[in-house]
Amino acid sequence: MGERMVDEILRVENLHVSVEGTPILNGVNLIINRGEIHAVMGRNGAGKSTLANVVMGHPAYVITEGSIFYKGQPLEELEVFERARAGMFLSFQYPASIPGVQVGTFLKKSVASVRDEPPKGRAFRKELNAAMEQLSMDKSFLSRYVNDGFSGGEKKRLEILQMLLLQPHLALLDETDSGLDIDALRIVAQGINEVAVNSGCLIITHYQRLLDLVKPDFVHAMIDGVIVRTGGPELALRLEDKGYEWLDVAA
Amino acid sequence: MSDETQEIIGDYRYGFHDPENSTIRFDKGLSEQVVRDISELKDEPEWMTEIRVKAFRHFTERVMPEWGNCDLLNMIDFENITYFLRSSDQTEKSWDDVPDDIKNTFDRLGIPEAEQKWLGGVTAQYESEAVYHSIREDLEEQGVIFLDMDSGLKQYPELVKKYFGTVIPHSDNKFSALNTAVWSGGSFLYIPKGVSVEMPVQAYFRINAKNMGQFERTLIIADEGSTVHYVEGCTAPSYSTDSLHSAVVELIAMEGAKIRYSTVQNWSSNVYNLVTKRAVAHKNATVEWVDGNIGSKLTMKYPSVLLKGEGAHAEVISVAYAGKGQHQDTGAKVHHLASNTTSNILSKSISKDGGRSSYRGLLQVTPKSTGCRSKVVCDALILDGGSRSDTYPTMEIGNSTSDLEHEASVSKVSSDQLFYLMSRGFTEDEAMGLIVNGFFEPFTRELPMEYAVELNKLLELEMEGSIG
Ligand SMILES: Nc1ncnc2c1ncn2[C@@H]1O[C@H](COP(=O)(O)OP(=O)(O)O)[C@@H](O)[C@H]1O
Ligand SMILES: [Mg+2]
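Residue numbers (numbering that gives the first Met the number 0), protein chains in the order written: chain A, 0 to 250; chain B, 0 to 467.
Same shape as in the complex, but just chain A (with noise of 0.2 Å):
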């Protein structure tokens, strides 16, 4: 038992949450244990993006049934900050941007604050290159304001990046592979790989290209707010060559 609490690293369970009154997710149920890797699909508008913004704390998500559990804690009592401190990490499927901060800025402070023992300046910056030169990104990036005015790629790049400093042990990835060309994409693979040897993974994608490169325990099939179907990676190759109709028949 107390081992089983050690390695479960999120339960979401009969899951509600509405935004601005009206029902997006209408009861979510998911396990994520450590070194597991979920991939969540669905059509534009199931609730994918939700469910990851609520399970981060996006305070326009409001929760009216069910609950969130991390590392068997309930999560509402904890704020979106202390989410991160506690080693919870989301890839925006889009990043917002802050003008005049540069990314460098941002990523020392970040880590900083995320981590128990703020990194010391050189042993930060060689982490940081290490990082980047695992991406491919030029070092530019660090003197660029954070999102502002960056191509898809880049924010996406960024967001990986991020998730390599912060060493999260669940890690929400909402389309991290959309608008990434292939190259870009196993860069990026590699890295979640990297994170997921130790941690919990939800991966929203609508495509199997990355799952090709970073393998799903499981594949869940979301559709109107709820999870319809669940299987293994076969799951997603159906529902990329049949689409979800026939779930919706089923359902």
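Rather than coming from a laboratory, the hints here were simulated on the basis of the structure. Any given hint could turn out to be false.
[What the hints assert, rightly or not] List time: in silico DSSO-like cross-link candidates among lysine-lysine, alpha-carbon distance up to 30 Å:
#  : chain 1 : residue 1 : chain 2 : residue 2
1  : B       : Lys332    : A       : Lys138
2  : A       : Lys241    : A       : Lys70
3  : B       : Lys209    : B       : Lys92
4  : B       : Lys53     : A       : Lys125
5  : A       : Lys107    : B       : Lys116
6  : B       : Lys456    : A       : Lys119
7  : A       : Lys119    : B       : Lys116
8  : B       : Lys192    : B       : Lys332
9  : A       : Lys108    : B       : Lys209
10 : B       : Lys456    : B       : Lys367
11 : A       : Lys70     : A       : Lys107
12 : B       : Lys411    : A       : Lys108
13 : A       : Lys154    : B       : Lys116
14 : B       : Lys173    : B       : Lys332
15 : B       : Lys209    : B       : Lys257
16 : B       : Lys153    : A       : Lys108
17 : B       : Lys323    : B       : Lys411
18 : A       : Lys125    : B       : Lys116
19 : A       : Lys107    : B       : Lys456
20 : B       : Lys411    : B       : Lys53
21 : B       : Lys456    : A       : Lys154
22 : A       : Lys154    : A       : Lys107
23 : B       : Lys456    : B       : Lys209
24 : A       : Lys70     : A       : Lys138
25 : B       : Lys173    : B       : Lys92
26 : A       : Lys108    : B       : Lys116
27 : B       : Lys92     : A       : Lys107
28 : B       : Lys296    : B       : Lys192
29 : B       : Lys456    : B       : Lys116
Use these hints to put chain B with the ligands onto chain A, whose structure you have.
What follows is chain B with the ligands alone, placed relative to chain A:
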């Protein structure tokens, strides 16, 4: 709690005060006699006394401005202000000779340290006069004159007489008249032809006494082809009664010269800051005002440039932060008086906790000044519902060969920005601090590094206890 933290008053870190020791202190209130007494005490030439008296008469006749913030302006009690206070008998060349209390204050403000590290010269004014003044020897050897204004008048009366009041006549406005009548302290800076001063020179203004009036007067003359960067800072203790800071700053950039004048104004929130700053730029000269207003109760200040010579350029970058009980009425004025002159104005303001910021700008191109170019950008960020931001731009364009651009925006911090930053481990206050620092970045990056760091810290402090 350390002494340091105990003395923090509200969010304002410089609100501590020293005992009010003085060697000469005038009774509160203003009269022609007070004006004459100041002049006599300073042993000034007759012509300066005349200028003062004339200015005083104009001041008494001149009505209060009927714009800006009339309610606050009309609350100024000119009879409840000390117009002259000498706290040290002389201006020292060594910090060791400055009276202990005063030296400690400047230590806490980091001035001697900054001087050693990165400044070419320092004037430290405390109440009405400079208590410390020095300039690097190499600059002196190149003929650079950097003095407090009183010494400037004593040592270079012809130069002062030639330029004093030529850019800002006493009759320009009520407060330039007041300053001309009772001025004391400030800087006198002359850069000889072709000399380029690499390290910035700094003036620091500190008010310590209650109900104090500080009226420094600064005159900077950059001769042909010379370059200089002048930096000024200011703070005051927090008191429940008001103080008045009313300065006049005149800059003259001769042909091909370049003057950059950077200010970080951080008065406590009981100080009226009513300042007139204006520059003349001759042929191919450049004048840059880098003007930051964080503190004070009411600031009314519109750094101006008269582009008098062909090819001259003006740059005004200003930011204003208006917090609780503050009104920052700031802006820029550029007069294109010659052909092919160019200007850039960037103004950024933040209003929070019911604070009010106003941009008041004037851009003038005279009919004969052809081929001018100008760009004006005003961005306002409003952090909460009760705060306010207004823009009052005026454009007078006298010909069709000139090219003017004007952009203005008002924005709020988006919840997506806050959520993004908080998901990266920042508290809401820290996230606000980052966003606000980012918003002011086009200004901060123009400051010497030490000032930029300080300013960012100040703004982060201001964001504490904010509600998105
Ligand atoms: N902040 C929001 N405000 C209003 N409606 C929202 C908001 N976020 C999501 N929605 C709505 O919720 C539904 C699900 O959206 P989302 O979770 O983004 O879907 P997905 O990521 O699966 O495409 C959509 O109908 C969307 O319009
Ligand atoms: Mg989505």
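Right, here's what the structure says about each hint:
| no. | hint | in the structure |
| --- | --- | --- |
| 1 | B:Lys332 to A:Lys138 | 40 Å, violated |
| 2 | A:Lys241 to A:Lys70 | 36 Å, violated |
| 3 | B:Lys209 to B:Lys92 | 27 Å, holds |
| 4 | B:Lys53 to A:Lys125 | 67 Å, violated |
| 5 | A:Lys107 to B:Lys116 | 26 Å, holds |
| 6 | B:Lys456 to A:Lys119 | 20 Å, holds |
| 7 | A:Lys119 to B:Lys116 | 24 Å, holds |
| 8 | B:Lys192 to B:Lys332 | 27 Å, holds |
| 9 | A:Lys108 to B:Lys209 | 40 Å, violated |
| 10 | B:Lys456 to B:Lys367 | 47 Å, violated |
| 11 | A:Lys70 to A:Lys107 | 27 Å, holds |
| 12 | B:Lys411 to A:Lys108 | 23 Å, holds |
| 13 | A:Lys154 to B:Lys116 | 39 Å, violated |
| 14 | B:Lys173 to B:Lys332 | 18 Å, holds |
| 15 | B:Lys209 to B:Lys257 | 38 Å, violated |
| 16 | B:Lys153 to A:Lys108 | 52 Å, violated |
| 17 | B:Lys323 to B:Lys411 | 17 Å, holds |
| 18 | A:Lys125 to B:Lys116 | 29 Å, holds |
| 19 | A:Lys107 to B:Lys456 | 16 Å, holds |
| 20 | B:Lys411 to B:Lys53 | 48 Å, violated |
| 21 | B:Lys456 to A:Lys154 | 28 Å, holds |
| 22 | A:Lys154 to A:Lys107 | 18 Å, holds |
| 23 | B:Lys456 to B:Lys209 | 27 Å, holds |
| 24 | A:Lys70 to A:Lys138 | 36 Å, violated |
| 25 | B:Lys173 to B:Lys92 | 35 Å, violated |
| 26 | A:Lys108 to B:Lys116 | 27 Å, holds |
| 27 | B:Lys92 to A:Lys107 | 42 Å, violated |
| 28 | B:Lys296 to B:Lys192 | 40 Å, violated |
| 29 | B:Lys456 to B:Lys116 | 20 Å, holds |
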